[in-house]
Structure formats: C-alpha cells, structure tokens
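Q: This is what each chain is made of:
There are 2 protein chains.
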Amino acid sequence: MSDTEKLLLIPGPIVISEAVRKAQSIQSLAHTSPEFIKIFQNTLKNLRKLFKSTNAKDQGVVIAGSGTLGWDITASNLVYPGDNVLVLSTGFFSDSFAECLRVYGANVDVLTAPVGDVVPNDDIAKKLQEKKYSVITITHVDTSTAVVSDVEAIAAVVKKVSPETLIVVDGVCSVGVEDIEFTKWGLDYVLSASQKAIGVPSGLSIGFLSERAVERALNRPTQSTFFASLQRWLPILVNYEAGKPSYFATPAIQTVNALNVSLEEILESGLDARFAKNKQTSQKFKAALADLGVGIVPVNETVAASGLTAAYFPEGIDGGKFISDVYAKGVVIAGGIHKQLVGKYFRVGHMGVSALDDSLGHIDTAIRVITEALEDQKK
Amino acid sequence: MSDTEKLLLIPGPIVISEAVRKAQSIQSLAHTSPEFIKIFQNTLKNLRKLFKSTNAKDQGVVIAGSGTLGWDITASNLVYPGDNVLVLSTGFFSDSFAECLRVYGANVDVLTAPVGDVVPNDDIAKKLQEKKYSVITITHVDTSTAVVSDVEAIAAVVKKVSPETLIVVDGVCSVGVEDIEFTKWGLDYVLSASQKAIGVPSGLSIGFLSERAVERALNRPTQSTFFASLQRWLPILVNYEAGKPSYFATPAIQTVNALNVSLEEILESGLDARFAKNKQTSQKFKAALADLGVGIVPVNETVAASGLTAAYFPEGIDGGKFISDVYAKGVVIAGGIHKQLVGKYFRVGHMGVSALDDSLGHIDTAIRVITEALEDQKK
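Residue numbers (my numbering), protein chains in the order written: chain C, 242 to 620; chain Z, 242 to 620.
Heads up, a few of these hints could be off.
The list cannot tell twin chains apart, which means a pair is met if one copy fits it or any two copies do.
DSS-like cross-link-like pairs, simulated, lysine-lysine; straight-line CA separation at most 25 angstroms [what the hints assert, rightly or not]:
(1) K247 / K263
(2) K372 / K263
(3) K425 / K290
(4) K570 / K585
(5) K279 / K400
(6) K620 / K263
(7) K247 / K279
(8) K485 / K570
(9) K425 / K520
(10) K525 / K367
Worth flagging that the hints you see were computed from the coordinates, not collected in a lab.
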C-alpha cells in the first residue's frame, strides 16, 4: 500500500475532496487571463464569507507560500520596528510565531499557558494594562497541543482594556473547522494555510485583514520585506477582486483554483452546520479514545480543538511502535512535537471530508485501527 | 472556448505535460511520509543534475512561493546589511530585483543595458574594479525584453576581477531552456520558479546554492527574514535529500511531486539536446516573424533568448487589437511590460512541451494565428 493509498489523518495536510483534486490538475492558465481573474475574484469574495466579514474594506489575502508566511506578513507589515507585541502561547507554534516576530525587531512578551491549557483572560487583561501593545497574537488552535483558545472572549478583553491593539489570530489549524466571526469579534488579521481545514493542497498562505490592519500596513514607514509586503500585494488583491488583472508575483494558479472549488464546497453546505458537524466528529473520536483509556492533552473539553486530537500514549504502550503499527494498518497519524511532551503523545487530525462525510468511514477506521494497535501491545 | 482550452504561449506559466498534470493531482501526503520524503529527495538530487553541479556541498532549494521569493532569499541571506551589490539590468525584472535588494538594506549600483541589449563586459569589469561588491546579480533572461545575458562570460569577468564577489543569477526564465553550468562557470545562487521552462504549475521558488553561498548564508550575523531564511531551511533541505523527514514549514506537496516528475522528464531526454531543440524552435519562430516583417526587441541574435520572443508591432498595427485577435483565434500571448516600450511590443513564450514536441503543433499554430491576425489588420 503506497502512502497515497493510506488514510491520511494527521493535523494537515488532510485528505482533499475529488472535486478539489480535479481543480488542482487543470492545465495552466495565464495569471492575467479572464478565466483566472474570475477564479481569483470569486475566491477573494468567498473569503469574506468564510470569515463572516461585513466590512467591505477588509481584504482577503492569498499568496503562494505556507502558513508560516503569515507570521512574516504580520511581523513585516502590521508590527512597526520597535513595537511591543504580546504573544499568547499555547504551544510550539505560538512560540515559533514569537520567534518570527523577534526576527523583524518586535519587542515580544510571551504569556505562556500551562501545557494543555489556555492563558487566563485575567492575565491577558493585566498584561495589556501594564504596557501598550501594538499587536496581540492568539494561536486559535495550537497544532502541537490541540488546545483551542477562546478568540471571542480574548478579543473582548482586548477591546475593553486596549482597543487600539491589533488582534492577530493564527488560524492555520482553525479556519474552516472552528467558528470565526471576523467583524463581530473585531479581529484584525487571521492567517491560515490551505492544507488543513480549508481542504486544499499545501502551498498557499491564506489570510484576512481588517480595514485598520490594511491601513497599518499601508502606513508602515519603512519596508522590511519584498515578497511578503502588503504594500505591494494589496493593490494586486484589490484589483483581482474587482475583476482586473494585476501583477506582482505569479500566483499559484492551480492551487488557487483548488481553493476556489473548496470554498464553494465549504460555503454550500453552510458554515455553522460544518462547524457543528466537526465538533460532533471530534467528540465522537475523543469519546472513543476515552473508552480505550486514552487521555487527551487539553485539560478539559472547553479547550479541546475540533479539528484534531492530541492524546497521551497509555501507560505501558510503546508510542513509536504504536504509530508504526497504525501506519502499517493503513492510517497515517502524527507524533507529538511539544518540547515538554515529545514521545509521550500522538496527534490525529479530523478535518475536511474525513470529519464531515461519515459515509467515507474515515473516523470509524481510525478508531478501529487505534483500538487494534493498542490491543496488539497488550497481548 | 474556455481559457484552459486555449493554447497558452505566454512567457510563463506554460503548458504542462500530461504526466506533470497527473502528478499535480495526487491525493495529499504527509510531509514526513516515506513516500513524500522519497519524492523530495529525488527532486533535490535531480536539481544537481539540472544545474550540472559537481560539488556535493552545493544545495538545491525548493520552497513554496514564486520566482520573486528568490530575490528575497538573495537579499536576506547572501547579502549582509550594508553590502554593496552590483545589479546588471536588462529590463523590468532586473530593476525589480534591485528594488528588493534595497528593501533589505543593500547598497545597490545598477548597470543598465540599452533596451534590447546586454551590459558590455568591459563596463562590468570597470565597475568591479572601482568598488568591492559582495554580490553581483545577472538576470539570465529578462522576461520583459527577452534578452539573454552571457552568464558564462560575465562570470569569467567576475572571477578575474573580483573573485570574492558572489554571482547570483536570476534564472526564472532561463532554467530548463538555456544552458547553465553551475560548477564550471562558478555560480553561487541561481534562482528560478516552477511555471516557466521547468514545466510545472506555479507555486514554487526553485534555486541552487554554491558551497560558499551556503556558508555566507549560515554565517550571516543577523537575521532579517523568517520564512525566507536559509539558516532555517538549509538543515531541512539537507535532511530531506538524505532521506530524513524534517520540518520548518509545510512544503507544497503536490507541486513538489509535479516538479519531481518534470525533472525526470527533462533529464531523461538529455539536457543539451533539450537546449539545442529549444534554440531551434526559437530560431524557427523568430524567422517566421522576420518573414512577416516583424522585428524583435533584442538587438541581435546573440542576445535573443531561446524561451521567448519579444517583438515589435509592425507599423500600422493596433497592438491591443492584435493581441485580442490572436486570443480570439485560440492562442494566448502577452503584451509588453518594459516601461520604455509598453504598448509597442508583444511577447510569445516557447518553452517546455510547446517548444520540444513538434507533434503538438503549438509553434505552427502560433505562427499561423499571428500571420492571420496581422493580415486581418491590413485588409
């Protein structure tokens, strides 16, 4: 069995739908052709719906790259040199975001949550009262711990204590699976990637900017990047969305086309219904693990993400062997990458079609195979 | 006729082969899966052959992005803050590269060639004698003018006058169509993109670094980028090429797979045979234009690129109407983008399968349609 025939259930890349696969393999188009302009225009318009934005001056961002590029976009556009940035850390990816911000000269303070938990809102409020922060970053779902932060509640704290602070959300592992109300919650930049719950091949940095984030980027006094510069990209994106050709760097034509098809699929079935189904699948999977005596990393259900599960190897189980056995049985899951827990836990993604289409049987297969692999070691 | 059914003959993206299209649509793979590691390993190994490198300490680079990202990689890794950089400009793209270098704090001097020509080697030698340059950049083929620079001869000048200067080649529109002898000529970084003569969908920055470029990047005292940082990418690329999984940012799985297939196709038919056939196709196309009384932008055959042709609209021809008419007849060509010549010329790409496989009839179709469109305006 080749890897492409195995069931891919890591926290991204995820299994993509047949329609998305087809969209990924179209013959190349000119980036300024009427057909591609229409594709890109529709994609950018649909991003507004995905983020539930009601402000026409917000702007979607799609650039060839990866989720990581969104950190550079934040650091080199929304943060001015010498700005204070408050990073809420719920794991490995939050800390890497902080590292990226420092590279670009930000003064970064990190509030670190206990492993498997979120940062208490009172601590956030206190910190925001102590110092003026230009930007706060929230990792919506940290893929290393599968902890979900309550972005709505945190945003409310920021609005109350320090309304001028821009709210940046790392939604790499949340966009398309957790609810995000961009306008209602008052967010300023949500950055994501194509290969997780958005259900597209990897290769795109996908984001959404508020009106004031756009202004912050356009007014930045100095430039520190070329490829990630919003001063260069914004006119291009605005043009494409208005149906006009524009050029700064060649977009990833096929992957943008795949994104267009995936967004149509996502919106067609209804966002809230999608999030509810994702939650249901997540609860089903976590309940099955609980039945097997497998504990999860998040300290309680409230902070457990819907798109993936991070779970501890039960006592007496050889983790490496367990993951290999699951792989041999045809299911690809991932090891853990959180420094304090490495070797102690595994991660299973349940996003996109795998979580939404029960008829595929992906989650049932995962539960069966995990059960077998655990039992094999007890023999 | 939809745009995907039209014959795409712009200077990139270009028509991709059926095998590459198929490779672009594989189901997603884990970036750390044995199968993807093998794909990426093979890709990185084959890049050595594509660049005719014989030094095992050189390193191929493949990162999700676009050709433009290669400029940021140069500016933020090989150029140290305050370094002098000499840019040889043969058009729009050379000038944009200079702009990118300045953003990162380089002191840039530009030697600008007359439109349609290259910078004389004597001028380059003189400039290198006047000042110590850390890096010289050569745009191998500037897509705005279709002028090809003699990289071998320029490199020889640099080696003689200022051997410590790193030689960076923008090969976005040359890699895969013009000969590049990385080791023999003593190059340090050739940057390219996937969607031109390499024959892959857009979405990848593809490059090749010399041993001393690798050292320059690794020894850079300060960091000015995260996503484009070779200090972060090099260990990852070395690991993948050694068959070991590694993570910094998620690669564009499907497009890397397409690159792997395309490189196999390119190497299978023989590099030199490919370059010779490309040259032959280019000469055939240019001769056909000459027969129609259409003059090309490059001042003579020696400086005319093999992968595309930039040609002036003949007197009395409405350029916009001509390009539209060609489009209506099913062939997509491009307008000009060089500031001094905008509206006066058009560009036709002849790279990849369109140039190499006569049985497809792409070039004959282009000649026929261009002839008809010109005749239509004479009626």
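Q: Are the hints correct? Go through all of them and say.
A: Hint-by-hint comparison with the structure:
In this assembly of identical chains, the alpha carbons of K247 and K263 lie at most 25 angstroms apart whether taken from the same copy (19 angstroms) or from different copies (19 angstroms). In the homo-oligomer, the alpha carbons of K372 and K263 never lie at most 25 angstroms apart, since the shortest distance is 51 angstroms inside one protomer and 54 angstroms across protomers. Taking the shortest alpha-carbon separations for K425 and K290, only the intra-copy value of 13 angstroms comes in at or below 25 angstroms, while the best inter-copy value is 54 angstroms. For the homomeric pair K570 and K585, the shortest alpha-carbon distance inside one copy (21 angstroms) is at most 25 angstroms, but the shortest distance between copies (63 angstroms) is not.
For the identical chains of this complex, K279 and K400 are neighbours neither inside a copy (37 angstroms) nor across copies (49 angstroms), given an alpha-carbon limit of 25 angstroms. Taking the shortest Cα distances, K620 and K263 never come within 25 angstroms of each other, neither inside one copy (44 angstroms) nor across copies (44 angstroms). Taking identical chains as interchangeable, the C-alpha atoms of K247 and K279 lie at most 25 angstroms apart only when they sit on different chains, with a minimum of 16 angstroms there against 35 angstroms within one chain. In the homo-oligomer, the alpha carbons of K485 and K570 lie at most 25 angstroms apart only across protomers (22 angstroms), although the nearest pairing inside one protomer, at 50 angstroms, exceeds that limit.
Proximity of K425 to K520 under the C-alpha cut-off of 25 angstroms is restricted to the intra-copy arrangement: shortest distance 21 angstroms within a copy versus 59 angstroms between copies. For the identical chains of this complex, K525 and K367 are neighbours neither inside a copy (37 angstroms) nor across copies (73 angstroms), given an alpha-carbon limit of 25 angstroms.
Taken one by one, the earlier hints fail for this structure at numbers 2, 5, 6 and 10, listed in ascending order.
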